[in-house]
Amino acid sequence: MRSLTLHLKILITILVSLGVLITAYQIFILGIPLTSDETDDLWNIDAKIEFQASSKEPVKLQMFVPPLNQDYVSLNESFISNNYGVSVNRADGNRKVTWSARRASGKQTIYYRLVLTKRYSGEQAKAKGPIFRDSLPVEGPEKIAADALLAPIRQHSADVETFISETIKRVNNTNDDNAKLLLSGDASTANKAKAVELLLSIAHVPMERVHTVRLLAETQQSPELWLRSFNGDKWLYFNPETGEQGLPADRLVWWIGDEDLIKLEGGKQVQVSFALNNSEMNAIRLAKLTDESTDADFLSYSLYGLPLQTQNNFQIMIMIPIGVLLILILRNLGGLQTLGTFTPVLIALAFRETQLGFGIVLFTLITTLGLSLRSYLEHLKLQMLPRLSVVLTFVVVLIAVISLFSHKLGLERGLSVALFPMVILTMTIERLSITWEERGAAHAFKVGLGTLIAASLAHLLMSVPELVYFMFTFPAVLLIFVGFMLAMGRYRGYRLTELFRFKAFLKD
Amino acid sequence: MLGLWKTWKALEAKGIMGINRRNADYVLKYNKRHLYPLVDDKILTKERAIEAGINVPEMYGVISTEKEIDKLSEIIGNRTDFVVKPAQGAGGDGILVVADRFEDRYRTVSGKIISHEDIEHQISSILTGLYSLGGHRDRALIEYRVIPDQIFKSISYEGVPDIRIIVLKGYPVMAMLRLPTRQSGGKANLHQGAIGVGVDLATGLTLNGTWLNNKITKHPDTTNAVDGVQLPNWDGFMSLAANCYELCGLGYIGVDMVLDQEKGPLILELNARPGLNIQIANDTGLTLRAHAVEAHIAKLAKDDIQETPIERVRFAQGLFGHKFAAEI
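So the protein sequences, as listed, match chains A and B. Sequential numbering from 1 applies to the first sequence in the UniProt record's numbering. Sequential numbering from 1 applies to the second sequence in the UniProt record's numbering.
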């Protein structure tokens, strides 16, 4: 019994660790932002497709769109076209949209718009891919050139990864005649990729083409080609120009494979242009949006899953334990004397309506007037219930008068008084007057002042917006609070005021 | 900040008990909530005490309904002095002390002349709960008026001085004499301005005093020294206090007693949350003494011994008596 009992210790440990774990899970695993002003990038990608339709044939336009199975979550996707039927289908890890129309003529413009963000994706699916392939047929000088290239590549590489990057470097070496022969004068990226593929196929290393779009605002761009290969465990991405490995974070995979981005039947001169821009969005609002469009429903089990009206109430309610905690600290650690235990918290809630300064003035005014009425009633020797009823009615009248006056004087603030909880005021008056009689005016004044100080501090603390957001988003913190309160329940050290009260002991 | 820490350490070294420790380690631990009514209601306390053969001011009668007020004359009989008090009053409110009667009138201790109807009205007010803390209906108690022993004349101002002994599991741990002052209006409550004077548990000799959290050596109204006064019948007080543990079952109480001119030590009331200023009056902390008693009880429990009140008083006097106090 001297220290915390084992039972209590275990209980506190469980509560605190549970609170910490849940909060940590929310922050680190779910990635919920810590403050409400944290923002996330929101990407708006427009693909503009233009072509000339030939008036004789039906038009069928096929285009790849991002498969969205990676780190990105689509918030909105739209296919904007006039008089075209639209269908989307998935094949080989790609997504393809098909616009079709029986009749179209002249210049056609179709838009594809995608809004996405790089957050809150679900679990990564296990990567799967080929690790062997047959060689491509190659003959004559190309075969000799390829073999000549492959020999040093084999020598300079240790595994699939180094083999591929070495291959890419060799192909890009403009001084190498073998490489020049393979490229046959065409130094485009597509051709390089083709040469790399050939070399790799001879070594039976599979390779895929990846077409990416760079998330960079306000630059004209066309899809950029990357290569990737599966090493049995994960996909490795390579830049075909430099051999550098790893896909930069700002690349969005648009489609995979050898096909062209767009395939058009019944038209010509097709052109695609990409336009990107990004905007910032409040992270938690974004989380709510992505929540709706993904399977990850972590937010639906949080307080954000409640109707908006209820959410607002909860934002006030969830702050009450913080106020209570403050009162606990002020009273049991500080030794501040207040009226009743939680009266200050209730008064602090009332301050929400009136603002702090005005609230204090009002509180003092009404309490003072109420006290004088109460001391007058004392002479009449009334019983408790009738006496309290009279005081309550007086408080209501007083509030009405104050509202009326402040309205006439043009102080709109005065009208907020209406919600100032009158029962709390009445009880405050009653308690204060009992204290006054029992312990004297000085003590009553001290207690009244203590209550006001505690209420003001509680109000200030309870209306810190960052704290409100934090508590509302991570309610598990309350468990940590309960742990602290439990520990306080067996705190037996001195209160701050006792250090002064017992000063007499130290005077010898 | 460092100064505060030093103060903290110094107080801890002296074993000064703070409110948190009192509540957590003593009041909550030893005082069962369901026993509180026994000490909150003076009539219940008195009835228990009478059953147990403990000395209390004689109870003349109890009035619990408006109808019974008619019986007031019957209860008073021919007595010339008596006290009317609420059973659950707090802070000494609602107490009417009648010192004398002449013709059909009564005179209170303060010299005010009142009529029989005035007393009836006072009782009616008590019944409606005017003086009880929660405003609940209450009962009125009519009892013997204590006439304080002459010994207190020189160090007391009006009112009745009383003696408080803190009793832990039946072991008296600290004692204090409470003297009303002009400021306290004849009441013996320390926070109302009364003086507390420490008392040596072994001998009943008074020590220095405390007034409004300060140490004092003289009574502020009479300027007489408060220390070195021998309280008569001290062992009687000690055994009375020790007996209160069996009486109420509460493990940590303040026993308030008075010394009547004729009847000797009497129990006035029990307090389940005794204040901490008694430490200043005795210039000693409660914690060390309480720990000593708890260690003693633990030792006895191991040997399966239960001590009688007399043995408990002997133990406390041997350990906490002022000549020995230095070594604990």
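Be aware that one or more of the hints could be misleading.
Said to hold, decoys possible - For lysine-lysine, the following DSS-like pairs were computed, each having C-alpha atoms within a straight-line distance of at most 30 Å:
(1) B:218 to A:9
(2) A:503 to B:6
(3) B:71 to A:381
(4) B:169 to B:302
(5) B:14 to A:446
(6) A:9 to B:32
(7) A:503 to B:302
(8) A:194 to A:60
(9) A:503 to B:218
(10) A:56 to A:96
(11) B:169 to B:32
(12) A:446 to B:218
(13) A:263 to A:128
(14) A:169 to A:128
(15) A:234 to A:96
(16) A:503 to B:215
(17) A:96 to A:143
Honestly, the hints are just simulated from the structure, not real lab data.
Violating hint indices (sorted, rising): Going through the list in order, the structure violates hints 1, 7 and 17 and respects the others.
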